[in-house]
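J.: Residue numbers (this note's numbering), protein chains in the order written: chain A, 1 to 503; chain B, 1 to 159.
It should be emphasised that the hints constitute simulated quantities derived from the structure, not laboratory data.
If the Cβ cut is set under 10 Å, some of the chain B residues that face chain A in the computed set are: (1) ARG37; (2) PRO44; (3) ALA46; (4) ASP72.
Here are the simulated distance ranges between beta carbons: (5) THR129(B) - LEU259(A): 42 to 52 Å; (6) LEU132(B) - PRO390(A): 21 to 31 Å; (7) LEU489(A) - ILE68(B): 21 to 31 Å; (8) GLN147(B) - SER354(A): 26 to 36 Å; (9) ILE482(A) - LEU18(B): 32 to 42 Å; (10) VAL79(B) - LYS263(A): 41 to 51 Å; (11) LEU383(A) - VAL60(B): 47 to 57 Å; (12) LEU118(B) - ALA135(A): 47 to 57 Å; (13) GLY469(A) - VAL83(B): 49 to 59 Å.
Predicted, not measured: the structure shown is a model, and the values here were computed from it.
All C-beta atoms in this analysis are idealised placements derived from N, C-alpha and C, irrespective of residue type, glycine included.
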Amino acid sequence: MLEALTDALSLALDPSVLMFVALGILLGITLGAIPGLSGDMAIALLLPTVFYLEPASALGLLVGIYKGGMFGGSISGITFGVPGTPGAAATTIDGYQAKLKGKPNRALHTALYSSVAGDTSSDLILIFIALPLAAVALKFGPVEFFALYAFSLLLISALTRGQLAKGVAACALGILLSMIGRDPIGGSLRMTFGMPELAGGLSLIPVLVGIFAVSELIVQVSKAWAAKSRAIVEDAKEKSKMFSDYDAAADKLPFRDFLKLWKATAIGTGTGTLIGALPGAGSSLAAFISYGLAHRFSRNGDEFGKGSMEGVASAEAGNSATSGSTLIPLFAFGIPGSATAALFGAAFILMGMSPGPTMVRDHSDVIYALFIILIYANLVNLLMGKVLLPYYSKMSMVQPRILLPIVFCLAIFGTYAAGNSLIDVWVLLGAGLLGVVLRLYGFPLAPLILGFIVGPGAERALRQSLLIGGEWSYLFSSPIAIGFYATALGLILLFTLLLRNKA
Amino acid sequence: MSSMLRNPLRYQDFYVGLVLIALAAAGLLDIAYGNWRIGQTMGPEAFPQVAYIAILMAGVLVSTNACIGQHDSRQEDIVSVLVTGVIMVSGGVLLFLLVGRLGFTVTLASALIAGSSLLTREPLRHWKTTILLPILAAVVMYFLFVQLIRVPLASGWLF
Numbered sequence: 001m002l003e004a005l006t007d008a009l010s011l012a013l014d015p016s017v018l019m020f021v022a023l024g025i026l027l028g029i030t031l032g033a034i035p036g037l038s039g040d041m042a043i044a045l046l047l048p049t050v051f052y053l054e055p056a057s058a059l060g061l062l063v064g065i066y067k068g069g070m071f072g073g074s075i076s077g078i079t080f081g082v083p084g085t086p087g088a089a090a091t092t093i094d095g096y097q098a099k100l101k102g103k104p105n106r107a108l109h110t111a112l113y114s115s116v117a118g119d120t121s122s123d124l125i126l127i128f129i130a131l132p133l134a135a136v137a138l139k140f141g142p143v144e145f146f147a148l149y150a151f152s153l154l155l156i157s158a159l160t161r162g163q164l165a166k167g168v169a170a171c172a173l174g175i176l177l178s179m180i181g182r183d184p185i186g187g188s189l190r191m192t193f194g195m196p197e198l199a200g201g202l203s204l205i206p207v208l209v210g211i212f213a214v215s216e217l218i219v220q221v222s223k224a225w226a227a228k229s230r231a232i233v234e235d236a237k238e239k240s241k242m243f244s245d246y247d248a249a250a251d252k253l254p255f256r257d258f259l260k261l262w263k264a265t266a267i268g269t270g271t272g273t274l275i276g277a278l279p280g281a282g283s284s285l286a287a288f289i290s291y292g293l294a295h296r297f298s299r300n301g302d303e304f305g306k307g308s309m310e311g312v313a314s315a316e317a318g319n320s321a322t323s324g325s326t327l328i329p330l331f332a333f334g335i336p337g338s339a340t341a342a343l344f345g346a347a348f349i350l351m352g353m354s355p356g357p358t359m360v361r362d363h364s365d366v367i368y369a370l371f372i373i374l375i376y377a378n379l380v381n382l383l384m385g386k387v388l389l390p391y392y393s394k395m396s397m398v399q400p401r402i403l404l405p406i407v408f409c410l411a412i413f414g415t416y417a418a419g420n421s422l423i424d425v426w427v428l429l430g431a432g433l434l435g436v437v438l439r440l441y442g443f444p445l446a447p448l449i450l451g452f453i454v455g456p457g458a459e460r461a462l463r464q465s466l467l468i469g470g471e472w473s474y475l476f477s478s479p480i481a482i483g484f485y486a487t488a489l490g491l492i493l494l495f496t497l498l499l500r501n502k503a
Numbered sequence: 001m002s003s004m005l006r007n008p009l010r011y012q013d014f015y016v017g018l019v020l021i022a023l024a025a026a027g028l029l030d031i032a033y034g035n036w037r038i039g040q041t042m043g044p045e046a047f048p049q050v051a052y053i054a055i056l057m058a059g060v061l062v063s064t065n066a067c068i069g070q071h072d073s074r075q076e077d078i079v080s081v082l083v084t085g086v087i088m089v090s091g092g093v094l095l096f097l098l099v100g101r102l103g104f105t106v107t108l109a110s111a112l113i114a115g116s117s118l119l120t121r122e123p124l125r126h127w128k129t130t131i132l133l134p135i136l137a138a139v140v141m142y143f144l145f146v147q148l149i150r151v152p153l154a155s156g157w158l159f
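Okay, chain A solo, but in the shape it has when bound (with noise of 0.2 Å):
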């Protein structure tokens, strides 16, 4: 244990480490302001560069742009009333409002201060609380590790955009892709559709990479093409000169004012924590539930939705405090309760590691250099975010226009160099075209993801089940895995409602 934390010490404190950190923010946060680009897309981009980094620099610039992203998509909200991200949406409600009434500064320092603080808090409890869940995890057979499967591709189906149907058909759908090429417990090939070149299988790069980036950039270009986010920009040019006349100085939040927005932050930490640990729920659902009970217990709730601080505390620290709760399935269990926590999985698969309770076990080093990583990130993003604060909201002016043919040719020669194949080439366009008609027809992509990373591993737990018990009723032989599945049915009922309540 001391030894691998010494190791861990070492691995995360290297300079070129602390580089890519920063190097990660700065990406994160210029790619999450600008409205239509996101830190997902970043990561999914640069994953193939973890084939060439140490391990820890990979991790270390594949943190920094999650964390920057996170806070990024809250610059565009509260300068231009634009959300960068969907999660960024609840923050804009209250920032915008602030921004509009001269209290730029002070909205925006409040986003940063909540979204370190709700960010800090979630990855300590992410540490604490995944090493013992994966003590557990190592105990589990087949049964219990199928229903833990089935508990998460039912919640994240369910909850992902509130509509069950088509969550299902999306996950189904992700577990057919994963299920192309050779059978993994008799070999036979399956849905090769006689191509040789589809025996190994989709991988999981032009899979991700397809889905999320070009799909999305696809979507960008043809708003770009009508000139639509042109008439965002110039509307936000037009706002920002507002902004860039504006004397920030006379609008300085002191931190012993933040320290009055304890009990936003707080409420915002909490249930961004507890929401972003369930698979499928999003950091979209938190901020808006944590703005919800913000407003329901405070005592000056009339100002809410009219510039309150509090309203931007609250909602930025339950959009923040998901990111480091996000991964505790992927440590505990494998199985990635997000669509970040499936890029990181993915990230950990390319390293040579097996997200779940044997990563934690087998690449301790690692584990622990990537939690002492998800600490000082934090830090590095607040003492960015004081210097460079003024500048961010410039960077959200960045026209999507110069940046997409560069992105979407980086994303090509990207995934080439990741396996130096061809066919990875041709499968990352189409998972482009399959995600661009699954966006339009109103199906998320994260359960689709999801049931293309965990379905190998839930497929081979049914079949061991079966093989152990003989019956299906065997499924249903333990207590946990009974747990399981009365909890994903609970859960569903309760968010049902939440979610009914929120629209």
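Given chain A, work out where chain B should sit, using these hints.
T.: Just chain B now, kept in the frame of chain A:
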């Protein structure tokens, strides 16, 4: 009851449900009559079969929901996004094929200039971002992919 039931043919989700049902039916027929190795308790066909059944049920639910007025609102720009998607994917294929003819940097710079120009109102007026920046980006990507990572790409006539 009559007020509850709507004309489903008006709603996009009704057709989305039908497509899901057709996809699942095709998959299940393929498993039943195709070249699949069938296992006793649970063979390689079983899990895909479960997935197809889930898609079938989801399709029925989506169509049924559309019949009672519960559906996602139709996106107005479906055709333009789909056309953009087809054009971009074709462009991606062409880009990769042209690298072997024209070389990495020239192909990439041309593609980036074409892309930026198409998305800009007056491309020549904004020459810095539509011409200069793409050329710089192509050079940077050449150093990144060809010189640094050493991605094995077919060499073209140029470089």
